[in-house]
Structure formats: structure tokens, C-alpha cells
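Now for the letters of each chain:
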Amino acid sequence: MASTTEPVIAGMPRRIERPSALGFIGYAVALAVLVWAFGGSGWSMTELVRGIPSLGDFLLRAWPPRIERLDSLFRALVETFQMALVGTLVGAVLSLPLAIAAARGLIGSRVLAAAARGLVAFFRTVPDLIWALLFVIAVGLGPFAGTLAIVVDTIGFCARFFAEALEDVDRGPMEALSAQGVRRSDSIFCTLMPAAMPAFITTAMFAVEKSTRSSVILGLVGAGGIGLELKVAMDLFDYPTAATILLMIFALVVAVEQAGAWARRRVLGG
Amino acid sequence: MSASLAERTEPVAIPPPVLDNVPVPDDVVVRNLSIAYGAAAPVLRGVSFAVRRGETVALIGANGAGKSTLLKACLGLVPPGAGEVQVLEQVFGGRALRRSGPREALRTIGFVAQKHNLVLRLSVLSNVLHGFLAQHPGPRCWLQATAPAALRQRALQVLDRVGLAHLAARRADTLSGGQQQRVAIARALVNAPRLIFADEPAASLDPAVGEEVMQIFTRTSRETGTTLIFTTHHLDHARRHAQRVLGLKAGMLVIDAPVDRLQREELHGFYD
Ligand SMILES: Nc1ncnc2c1ncn2[C@@H]1O[C@H](COP(=O)(O)OP(=O)(O)OP(=O)(O)O)[C@@H](O)[C@H]1O
Ligand SMILES: [Mg+2]
Numbered sequence: 000m001a002s003t004t005e006p007v008i009a010g011m012p013r014r015i016e017r018p019s020a021l022g023f024i025g026y027a028v029a030l031a032v033l034v035w036a037f038g039g040s041g042w043s044m045t046e047l048v049r050g051i052p053s054l055g056d057f058l059l060r061a062w063p064p065r066i067e068r069l070d071s072l073f074r075a076l077v078e079t080f081q082m083a084l085v086g087t088l089v090g091a092v093l094s095l096p097l098a099i100a101a102a103r104g105l106i107g108s109r110v111l112a113a114a115a116r117g118l119v120a121f122f123r124t125v126p127d128l129i130w131a132l133l134f135v136i137a138v139g140l141g142p143f144a145g146t147l148a149i150v151v152d153t154i155g156f157c158a159r160f161f162a163e164a165l166e167d168v169d170r171g172p173m174e175a176l177s178a179q180g181v182r183r184s185d186s187i188f189c190t191l192m193p194a195a196m197p198a199f200i201t202t203a204m205f206a207v208e209k210s211t212r213s214s215v216i217l218g219l220v221g222a223g224g225i226g227l228e229l230k231v232a233m234d235l236f237d238y239p240t241a242a243t244i245l246l247m248i249f250a251l252v253v254a255v256e257q258a259g260a261w262a263r264r265r266v267l268g269g
Numbered sequence: 000m001s002a003s004l005a006e007r008t009e010p011v012a013i014p015p016p017v018l019d020n021v022p023v024p025d026d027v028v029v030r031n032l033s034i035a036y037g038a039a040a041p042v043l044r045g046v047s048f049a050v051r052r053g054e055t056v057a058l059i060g061a062n063g064a065g066k067s068t069l070l071k072a073c074l075g076l077v078p079p080g081a082g083e084v085q086v087l088e089q090v091f092g093g094r095a096l097r098r099s100g101p102r103e104a105l106r107t108i109g110f111v112a113q114k115h116n117l118v119l120r121l122s123v124l125s126n127v128l129h130g131f132l133a134q135h136p137g138p139r140c141w142l143q144a145t146a147p148a149a150l151r152q153r154a155l156q157v158l159d160r161v162g163l164a165h166l167a168a169r170r171a172d173t174l175s176g177g178q179q180q181r182v183a184i185a186r187a188l189v190n191a192p193r194l195i196f197a198d199e200p201a202a203s204l205d206p207a208v209g210e211e212v213m214q215i216f217t218r219t220s221r222e223t224g225t226t227l228i229f230t231t232h233h234l235d236h237a238r239r240h241a242q243r244v245l246g247l248k249a250g251m252l253v254i255d256a257p258v259d260r261l262q263r264e265e266l267h268g269f270y271d
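As you go down the protein sequences, you meet chains A and B in turn.
Residue numbering for the first sequence follows numbering that gives the first Met the number 0, starting at 0 and increasing by one per position.
Residue numbering for the second sequence follows numbering that gives the first Met the number 0, starting at 0 and increasing by one per position.
So here's chain B without its partners, still in its complex pose:
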């Protein structure tokens, strides 16, 4: 896990501008977003925030606060009930998104879901290669056996970065939960995305590997200017790996602060 992803795969994003007076575009803009599942009470209530290109943001909140729902709404997996989501200049609003999803923008997104990520009956390498499907559609990337050599090589390199190159040929269901999560992370990184959403990427990992994985994310973000939004229950992960913290409490955004200005008082009572 030595050399960086950036050296091996062409970065597709522009590094974030350093000058303060140059406007940095917003990769994610959420305006007044409310979401309810069916007739139940709303899970998200009037959430608004914006994430600038290249920013790393931690989303925290108690179980059931709505973190996963917010990420899914950003990815067009859950339609917004009210309000609007804009991702990479593509707007998800109302019910239109189900019909004609804005594929183009999504092709440069990496996503690690909280659970049920992998196709368990396929090999680890095949699962990672699925990360290329957005840019290389068609049967060749369905299975590792038929994938182009260059893509197989890149998939193996990214697997090496998460420490699992030696398991490339194994079937995904023979891996431990933490190993499966790392395969999902490799699949999200393999396409050199501009924007990464990761839902509790370190939750099933032991402290050392969790730290390593978070560092892979943040290093990728730093080196390629990738925007990163991750959820976590580890406040120290939020403190050390994010530039900014968003806090959801019962579906409302109650914290939105740069990490260095996040006060102890602000977190006081946050998890009550």
C-alpha cells in the first residue's frame, strides 16, 4: 500500500485552487431537503448545506438520524420529498430523477454503502471491476475473466492499496465483513472519481485498518482534489480526517462547522 492512487490512475479532477479570491465550485448543494419514507414521519427536515470541490466532510449523527438517507438522496437513490439536491451541477428534484437519471454526472462518483455492497457470488476482482462499468459499459466488465487487461491491472492495484491484492481471486462471500468493506472501497476508488460518498466506511474495520482506509480516502482527496463526504460514529475520525463536520439530529442539520472551530459544547448533548 505504498505508492499513491494518483500516480497510477489519471486524476480526472482539477486540484482545488489555492487562491482565496478564485471561486471554488460547489460539488454538492442541498437546499431545504425533506424526505419521508411512505406515510411515516419525515426522516430529513429542511436540510440545507453546500460542499465545495475538494472538501472533505464528515457527517455525524445518532443511529436513525438520517445520515444514510441523506447520502442516498445525494446519489439519486431516494427521491427528495421537498427541496432540491444538486450534485456535480446535476439537479435531483421532484420525481423526475427516477425516469432519466443524470448518468453523466454520476459516472464520476464513487459510493461505498453502509452494507450489502458486493455481489457475493462473484470474485473480489470482478466486484472491483464493476467500478469501471459506468465509463466502460457492456459485458466485458461484468466478469474479471473477460475484462480488458489494463482495467484488470488497475483493479488489482487499487485492491493492493486497500491491502487485499492477495484475495483478488477469492469469492466475495468467503471474505470477512471488514475485508468485504475494503473491496467495496476499492470499487469506489477504481474509477478515480471526482466525488466520493462513503457511508460508515470504517465501521466494520478494526482500528488499525480503519485508520488506514480513512487515510487512503483523505490522501486520495488531497492528491487529486476529490471531494469526500463520509458518515461516521467515530468522532476522532471526523476530527482527524475531515475539514468540516455536519451533524444531523432527528433529521435536522444542527451542526455545520469547520473541524478546527467545532466546540466541545456543540457536541454536548448531540447524541442524547
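With the rest of the complex left out, here is chain A:
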């Protein structure tokens, strides 16, 4: 047997590192938290089963969908999409400088980086519906309030991922330029931005999809879009119209997601 004569070399890494005592405690705590959370969420299989007939009742009463107000509903749907598109575009553009400030090891100033990261985290943690309520107070009812809410929500999402994309880019070309005395800002725009551009674009595409979904909801608080129509229909027990609206929303979200997936393939492929 040839294999028995081969020398055994020391220093072979373990296949799986054995978790430390601290690691074991970590797993146990995580499990306990999960059990505790299920308890608090009121999770109940019996309630779920009992609820299914009422859902069926809604579906029966909603069928067939009512298409009388189709043109005004369609206008509201288009407005929803317009809000999503503009809000995401403005948000993504505003995300760029914030991402540069927030990315590690780019601007040098720790204070600025921490401030940028804090601001982005704040934008992200406040839910979009709350932003919409605030902007309705600021600029009044209508699509502009919703668009502003989407801008803020998009910054919270995009600036974070843009910053991570910038941190992931190979710094070799940037070093080569700074070695020749090129200004930091120029080398960021010349080397990091082009390299991170595909990640920026795919992130922005995801943001459009996300914004389309949230712009539907924003109508509930009067911030424009088709959400208001849905709320009115539900409040009036006009389930057939609500069904039409839900189907339209479904079609819009699927269309945007398909277009986004196609565009991402094009960007990543080219």
C-alpha cells in the first residue's frame, strides 16, 4: 500500500472547528430566545386552521372582481409606480455620497463615517409608513409625501449596500493611483465607482422592487398611490373592487420584479 508510506504532515486544519464553551452557551441562548419568541407571538395552529374558512368567505364574496372603475384604479396604479421609480432614483443618487462617507477606510475621518452610518441606520430603522405620516404632515396629502418617504427608505437600504460594495472592491488600482499622487476623491471616482457600479445597479433594481411594494402601502395613510383605493374598498366591504386592486398590485409587482431580474442579468452579464 503506497499510502501508508507517505509521511503525515503536521498542521492539517480541522474539518470543523470545535465550538468553544462560549460558543455552546451562545447556541443555547439562541435556542431559548427562539422558544420565547414563539410564545410571545401568539403562534397557534388551531387559530390558523379556524381562520381559513373566513378567508374563504372573503374570497367567495370578492369573486368576481369588479372592473367598473378600472380606468381610475389604473391611474392610481400608475401613480404608485411613478412614486416608486422617482423615489428610488432620487434615493439612490443621494445614497452615493453617504455611502462614500460611511464606507470603511475611504475618507479617513472616523467621526464623519460614524455619523454617516448612524444617519443611514436611522433612515432604515424608522418604518416607511412612519416616514409617510411625517411627510404628509410636512407637504400634505398626495403622492409627493409618499415619494419623499420612498426616498428616505431607499437611502436606508441603498447607502448601506453601496458602502459594502465600495468596501469589497479591490484597492489595488486605487493604491496605484494614490502612489502617483492622485487625489483621494479622484481615485475613488476612477477606480472604486466603476468597479462597484454593477453592485450599485443591482442594488438599485432591488430597491425599485422594494419601493413598488411599499408605495402600495403608503396610500393607506394618504401618501398617494393605489393603497388609498384599497383601504376605501375594504372599509366599504366592497370586496370585488378590493380583489381587482389586489390583482393589479400583484401584476405590477411581478412585472417590476421580472423587469428587474432581466436588467440585473444584463448588467452582470455585460
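These aren't lab readings, by the way, just hints derived from the structure by calculation.
Accuracy of the hints is not assured; some may be wrong.
What the hints assert, rightly or not - Every beta carbon over 10 Å from chain B, so not counted as near; a handful from chain A, in silico:
| hint | residue |
| --- | --- |
| 1 | Ala36 |
| 2 | Pro64 |
| 3 | Leu118 |
| 4 | Ala175 |
| 5 | Val181 |
| 6 | Pro197 |
| 7 | Val255 |
Unchecked claim - Below, a sample of chain B positions facing chain A; criterion: calculated Cβ distance under 10 Å:
| hint | residue |
| --- | --- |
| 8 | Gly75 |
| 9 | Gly109 |
| 10 | Pro136 |
| 11 | Ala183 |
| 12 | Ala187 |
| 13 | Ala249 |
| 14 | Met251 |
Note that the structure is predicted; figures quoted are calculated from it, not measured.
Ideal placement from N, C-alpha and C gives every residue a C-beta, glycine not left out.
Use these hints to put chain B with the ligands onto chain A, whose structure you have.
Below, chain B with the ligands without anything else, positioned relative to chain A:
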């Protein structure tokens, strides 16, 4: 690749004085330089040498000897742990260099890194134009589409000198490794630097092109008085293209000799 760079771009350096009694300034002075990455064992240990203006110097040493680290320290990319680096009369010492890099001096430096030099998603011409950014800061030189016509013209001329003018419009990631390296060389030369650092510039090039590229460097140095420091694993490149050889072994400078006085014995055991 016929006419010389010097005829096309204004040389910014003074040719080296011929008289022996006229003092020639030192472009690079390294004093007692030690560098360690993190808590690891030091990569460079007490390295000292000086390179005079107009000199061509080859830096040799086994893999991991510290050649790239030494070049990066000269460029302010790696802070010196102990000792001092002085480049074009600018001092890199201690941790100050991170904060306020001596930009002015660096603007007349050309650098070819060992790898990962180019912005792969941009065109070859855009990459070469980035070499002008130190002297022409601002968005115009970010992309070839917006660059001033005169600079585009000069970039294309330098690309022609490395034999790649026909690929100017191609995206950098569609080039072979050797072609990419030559683009990086063009970017380093385009600004007519006074001082060139090249980290294994010929490593990924075939013998003929490697020879050609080394000749571009040495001819530029001869004609414009540019100081050239390059690393190499080809001893014949060191012999034929450098005036002086520095040898690093395990982070220490063990060879510092003019090429014509470099003895066979000195190299004996150098790579062991
Ligand atoms: N960024 C880094 N972090 C940690 N260690 C590093 C880093 N860069 C280099 N080293 C280590 O420093 C030592 C010297 O590396 P360096 O790249 O300077 O060698 P070199 O002489 O250029 O080698 P080669 O001929 O392979 O290019 C090596 O042991 C390497 O592992
Ligand atoms: Mg090296």
C-alpha cells in the same frame, strides 16, 4: 514603437550631470527602515540605501523577501515601522504620512504595481488617462470620453510605445495579463515622471515583449534622466538594464553593488 517618449512629451527632469565633482541629489533615501505587518515578524529589517537622480536600480530577492513592501514604503502606501523614507526630498516617517501625504512630490512619480493595477471595467485609454490625474485633477480625466484632446493624444502615443495603441478602445478586462501589465506601464509613463517604481514589470510578459518593455524603461531613463527602481526575478534583466543591484534576503539588504562589480560569489547562495 519607434520615436521616443522624450520627443513627444516634455521631460520634467534635468538630465543627470556628467561631471563627477558636481553633487547629484538623491531621489530616494531609505534609512534604517523596518516594517512589520501587524504583529507578524518584521518583513524589512534595518534597510538603508540611497538612489541618486537618474540611476537605474534593480531590486532582487526571493519570493517573500520584502521587495514589494519596500517599494510600497517608498510610495507611502505602507507606513514605516521604524526608520525613515525620503523620496524626492519628501520624508515619509512615522504615522504622519497617512494624514497628509506629500502629494506634490508624488505627482512626479510613476508606479507599476505587481498586480491588480487596472480598473477592469474601464477602457484601456481611460486607464492610461488616469496617469494624468495627479497633475490634472478633476472629473475630466476620469473617463477617456471627457478628457482633453491633447491628453488623449499623448495617452495614445504612450500606448503606441508599449505596442497597444490598437487596443485603446477595448475594456481592460478583455486583455491578457501581459497586455494589462503594459497598459499599467503606459499609465506610469504618460505623465513623464521623474522617478519610476516598477514592481516586476516584466513578470507576466513573454521574453521578447519583456525585453522591449525593459528597454522602454531604460531608454526613458537615459533620455530624460528619470530615476528607475524595478524589482525582478530575471537576473539578466538586472544585469542588462540596471546600473546597480540591491538584493534583499529575508528583509535585510545583503547586496548593494554596481552591476559591473556584482560578483558571481555574491549571488551564490542568495536564493537559498
Ligand atoms: N498586506 C500584507 N499583510 C500581511 N503580510 C504581508 C502583506 N504583504 C506582504 N506580506 C508579507 O510580507 C512578506 C514580504 O512580502 P512582499 O510582497 O514584500 O515580498 P516580495 O519580495 O515582493 O515577494 P514576491 O517576489 O513574491 O513578489 C511576505 O512574507 C508576505 O507574506
Ligand atoms: Mg512582490
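Which hint numbers does the structure go against, in order from smallest to largest? Numbers 4, 5, 6, 13, 14 - these are the hints that the structure violates, sorted from lowest upward.
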